[in-house]
Amino acid sequence: MTTAETADLLNLRSVVLSNLQHQHYWTDIKLLDTRVDIDEDTQNGPLPRPMICGRPPEQLYNPEPASSTNESSSSERPPTDREYVLPVHLTEKLSLRTWASVFDNLPTPSGGGEGDANKKRIVVAVVSGDSTVVYYIMHDGIVKPRQN
Amino acid sequence: MADTSANGSATAATATPSTKPPHSAKPKRPNYNVIHADPLPVVLYHSPPLIPHNPLSLLHHLYLYFFPPVQSHKVVYIGVFSPVTMSVEVRDPTAVLDLWNKGFWGKGNLSRSEPTWLNRELRRLGDTQVGETSEEITRRRRDQRKEMKKERARKEKEELQKIKEAEAKSKEDGSAANGKLIIADSKVVVGIEAEISGLDETVTESTQPSIPTEELGLPTPPPSSDELNISDAESKTAMVNIGSETLPVSVPPTSKSPPVQLAKVVRFDNNTSTKEIPVQKKVTVQNQEHLQLMLSEAFFLVYVLGILSVTTADSTNPLPLPEIFKLFLRYSTFPPLPESSVSLTSLNPDNSFLINYVVYHHFRSLGWVVKSGVKFSVDYLLYKRGPVFSHAEFAILIIPSYSRWEGREENVGKEWYWLHSITRVNSQVKKTVVLVYVDVPTADEVKGWGCEADGLKKVLGKYKIREVALRRWIPGRNRE
Chain L
1 MTTAETADLL NLRSVVLSNL QHQHYWTDIK LLDTRVDIDE DTQNGPLPRP
51 MICGRPPEQL YNPEPASSTN ESSSSERPPT DREYVLPVHL TEKLSLRTWA
101 SVFDNLPTPS GGGEGDANKK RIVVAVVSGD STVVYYIMHD GIVKPRQN
Chain F
1 MADTSANGSA TAATATPSTK PPHSAKPKRP NYNVIHADPL PVVLYHSPPL
51 IPHNPLSLLH HLYLYFFPPV QSHKVVYIGV FSPVTMSVEV RDPTAVLDLW
101 NKGFWGKGNL SRSEPTWLNR ELRRLGDTQV GETSEEITRR RRDQRKEMKK
151 ERARKEKEEL QKIKEAEAKS KEDGSAANGK LIIADSKVVV GIEAEISGLD
201 ETVTESTQPS IPTEELGLPT PPPSSDELNI SDAESKTAMV NIGSETLPVS
251 VPPTSKSPPV QLAKVVRFDN NTSTKEIPVQ KKVTVQNQEH LQLMLSEAFF
301 LVYVLGILSV TTADSTNPLP LPEIFKLFLR YSTFPPLPES SVSLTSLNPD
351 NSFLINYVVY HHFRSLGWVV KSGVKFSVDY LLYKRGPVFS HAEFAILIIP
401 SYSRWEGREE NVGKEWYWLH SITRVNSQVK KTVVLVYVDV PTADEVKGWG
451 CEADGLKKVL GKYKIREVAL RRWIPGRNRE
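Note that the protein sequences, when read in sequence, are chains L and F.
Quick note on numbering: full-length UniProt numbering labels position 104 of the first sequence as 104, and the sequence is numbered without any gaps.
Quick note on numbering: full-length UniProt numbering labels position 374 of the second sequence as 374, and the sequence is numbered without any gaps.
The shape of chain F in the complex, shown without the other chains (with noise of 0.2 Å):
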């Protein structure tokens, strides 16, 4: 229902060509195809196909192999193991705007998605050469929509009190048949007039066109008296009795009044000042921010693209893989693991990091850009190409299966209003729960892997994945 209904509204929205010219006004979108160019932060060189009774795809392969392309060195990223955050850190510029833009690694600490904190902070500090940050936008969308809601608010309560008026007026003007009525009504407005005394001020002075009460399905008076009342009232108020209690009514202007405005106060902070002074300012704000890579994203880089050490803090020798490996199982966990408990040799295949890489490893191999999807009450988020270009498609609810255990339970402690709760939290954003369910091999078949060269691919290989996509399924309205 909601897919047609948007659909509705864009075909609207382009059948009407002539109200383009004040989207003009909005500022030029970044090119994200050209910013997001490359998937991935590694250089890949494209030779033609080779066919062998063609000389000329020989020749290019040929050339390929005396002269290499050159490239003067492997660039690798380094990333700083921080058991503060229990993830990996970048905080060189170039590294974080590379690791971003291609292939949206990690997060901004102080950010939503792409690290803009530097930005925002230097606008706030009245910096006009910067330019807006994806974060300001969200912000100037949620004050208009808070304005939105306060009118709604008060318009509500304006309609509250004309309801309130109309029936004193008709009380006053004692008409017995529709008395009963209206006694039941008042005391449901009596309820409520603690909050409309406290707005009478304001609901006089507005200039709110007055809404007709029948819309209500409420008891209206006759249109004559009320315009007799108006015209003899000459200080527009008047006292009314409702119950026992004596309270203040205001009389509307009459219908007539213009439309009020919306008002939408959109606040920039301190840049309403500076943008009268001509004078470009330049702010100077030491960074507070990193990039920060989840354990999965940070051990794919190092593991699969080879393109990120990690260092602690205390040392800038890069850590070898086993070592980083052996942390990242450590901290998996709120409080970490301690060092003694983890060990290669007897590794544990139940280890929240392991199942968690696994299916990181596993989407981020098919080429969907992985996410935390813990605003979503899931583990992981995929995008298709990114979050700049669509919203997630789906969400991914990791369930460890142990079938191959002996004596070991499935899934204990899930009940349906879990699932339930969560599929319907996101089926609000239009995304597609995905179960993915992960066969968490034995601890006899991990065993001994610090032996191997190769062993983490083996161990990695025991693990198998099964998804089931989840959606929930309305009877009157999905018939097709």
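This is chain L alone, in the form it adopts within the complex (with noise of 0.2 Å):
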């Protein structure tokens, strides 16, 4: 199998963008092409594939829902934590190399608390063919799971 070309990958990630702006209203959006610029990060090395980062609606990942509701419901919510989207095509095959070469070079979570909080993160935007987007999250690690 060839490898993915970069005019592929930016047409791959036009539909992943118009799919979160219009369809699932994130905001904030930004595109990432090699490098994550937000502050004076410290990347280890460009990312592998076209990138993009912004914020959902809702917090995505969340383990303790119920205590944070509860705050939030009485004033303005606070932005929720940024999220980097990675486009990937239904059909192709992706290496381990290239998951950990996405997660060796994003910035740490900037809110600074323990554990989970503080594990790298990245949402999986899967495009097929009949235009659905599939979303996984994915962590770089263990975490505790999301109460259903």
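In short, the hints are calculated from the structure, not lab data.
No residue lacks a Cβ here, since even glycine has one placed at the ideal position from N, Cα and C.
Some clues are possibly wrong.
Here are the in silico distance ranges between beta carbons for each label pair [as the list claims (entries may be wrong)]:
hint, chain 1, residue 1, chain 2, residue 2, range
1, F, Val75, L, Lys144, 55 to 65 Å
2, L, Gly141, F, Gln144, 28 to 38 Å
3, L, Gln43, F, Arg112, 48 to 58 Å
4, F, Thr284, L, Gln21, 14 to 24 Å
5, L, Gln21, F, Arg141, 17 to 27 Å
6, F, Arg466, L, Pro79, 37 to 47 Å
DSS-like mimics (lysine-lysine), calculated; alpha carbons at most 27 Å apart, straight line [as the list claims (entries may be wrong)]:
hint, chain 1, residue 1, chain 2, residue 2
7, L, Lys93, F, Lys150
8, F, Lys155, L, Lys144
9, F, Lys414, F, Lys375
10, F, Lys457, L, Lys144
In silico contact screen, one side only, chain F against chain L (beta carbon under 7 Å); selected entries [what the hints assert, rightly or not]:
hint, residue
11, Val84
12, Gln292
13, Pro335
14, Val374
Take the two lone chains and join them into the complex the hints point to.
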């Protein structure tokens, strides 16, 4: 299999971008090519693929939903965590090396919390031919599962 | 088991017709039988059967012969092939509506299935003249579920709190008999204390009816001491020692407090504010959505029904069928194959577009509405009449079979776990997994297609399809 060209990857990203913007109402969206240019970061190397970062309307990973919602319902809600989205296509095969390199080159969450909140996390956007984008949350390690 | 319980609840609901009135408040559903009356976007004329000795039937056919049904033009929809989405996009509103209503073709790229983005956006911006979309209904249901879960989590924490209190109290009483048991439990409680201490405030405020701790099979203090404690404690808060830590434990109100109402917060974004304004509001939004046809769908519409013409973004001239075929072969995988690697004279029979299309063609021809099954980790979903009428009954898993190929191993890399997880996912949503084996012809069998007029038909005829329906059998449950 041939390796994906940059143009193809950018096409893929534009599909995910429009989906995030118009279907899921993400805000504060930035396109990331090779560099994660927020603040003065200490990035190990270039990102292996073009990515997107933005804020979802609601917190994606929240192991303690009950306690946090009590605070937020009264006053203005704090902005949700910045998420990093990796667009991939349903028919492509990704190597473990690619995943590892994505995680390696992402900044550690700025929340500064202990444990799970500090784990690196990406949102994998799987694009399929009928325009469905399936999202998966992927953590760099084991985290406490979300309560159902 | 699940079936019987579902049936049981259904009969119970019908047995009590007195609970009907609240249902009438619901907005009426559109009549899908009328909207989706045509199974395909083609116009058909029915003529009665021709019976040679019956002059009346002959007359009808003669009439049709001399005065053919008026059809001013053959309706051909225009789809644009997009290398960005690797699919065919339809943007003309009438074409989108026709293709969706007559056979459920395609999917709105910003919607779950039917293209409703524009309506959703209009409603979001406060237009009052647009009806509710299915996405909004789902959203509301999910919000309600979320509230329910929140409530449940809160209750669980409250229960924990109660247990802790009870234990603390009985420890205070210093009952020597069950002292050991309580110590063992309090260790567990201390582990979760961080969570509870954060919630103390909310717990004291709530009017939640207390749940008897007996339900949880945990030691309870004698009721007399409980009452005594409440009457004694003026502040309704007692400081109790558990182990080395000191934490405030609130005394809940007596069990006679009224049951709390489940707070169902239904948010309609901006709609709540606009509803107060009696003036009808009209908003204009640029439609960002298109109807996206899978490659297989688009090819079926072009090749079998002949009601779609595919163009590229560069020109308005419709592409000839071989060009479309070639394009689809190239864009069936990511990254797309280079143009040089795909040729119609030496076709690769193992191309994923060909295999997917053969299966799509097979089931569409049998009258099923075939949709993508990516959300259920399968290749296709089969709907009997369409997604608005019923859930998909069958989940299609395509397995190419290379029995005619020499020296090629069958189905390498698929493990039993893979199949098992797929069947489990699909039995959760009451779908039957169907393994569709596609016998892939060898490269020699499909050689030299470009020369013949009906070559594609011959190529597709070389593929054989075998279906195997799969169902998990549970010996204890399915005895019959």
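Hint check:
Between F:Val75 and L:Lys144 the CB atoms are about 56 Å apart, so this pair conforms to the stated range of 55 to 65 Å. About 34 Å separates the C-beta atoms of L:Gly141 and F:Gln144, a value consistent with the hinted range of 28 to 38 Å. For the pair L:Gln43 and F:Arg112, the beta carbons lie near 37 Å from each other, so the given range of 48 to 58 Å is not met. Remark: the range hint 14 to 24 Å for F:Thr284 to L:Gln21 is upheld by a beta-carbon distance near 19 Å.
The given range of 17 to 27 Å is respected by L:Gln21 and F:Arg141, whose C-beta atoms sit roughly 24 Å from each other. Evaluation of the 37 to 47 Å hint for F:Arg466 and L:Pro79 yields a failure: the beta carbon distance comes to about 54 Å. With a CA separation close to 39 Å, the supplied pair L:Lys93 and F:Lys150 exceeds the 27 Å bound. For the suggested pair F:Lys155 and L:Lys144, the alpha carbons sit about 21 Å apart, so the restraint of at most 27 Å is met.
Straight-line distance between C-alpha atoms of F:Lys414 and F:Lys375 comes to about 19 Å, which keeps the hinted pair within the 27 Å bound. Proposed proximity of F:Lys457 and L:Lys144 is contradicted: the alpha carbons are some 55 Å apart, above 27 Å. With a least beta-carbon distance of about 4 Å to chain L, the hint placing F:Val84 at the interface is held under the 7 Å criterion. Here the hint on F:Gln292 is kept, as its CB sits about 4 Å from the closest CB of chain L, short of 7 Å.
Among the interface hints, the one on F:Pro335 holds; its C-beta lies about 4 Å from the nearest C-beta in chain L, closer than the 7 Å criterion. A least Cβ separation of about 4 Å between F:Val374 and chain L falls short of the 7 Å threshold, and the interface hint therefore holds.
Hints 3, 6, 7 and 10 from the earlier list are contradicted by this structure; the remaining hints agree with it.
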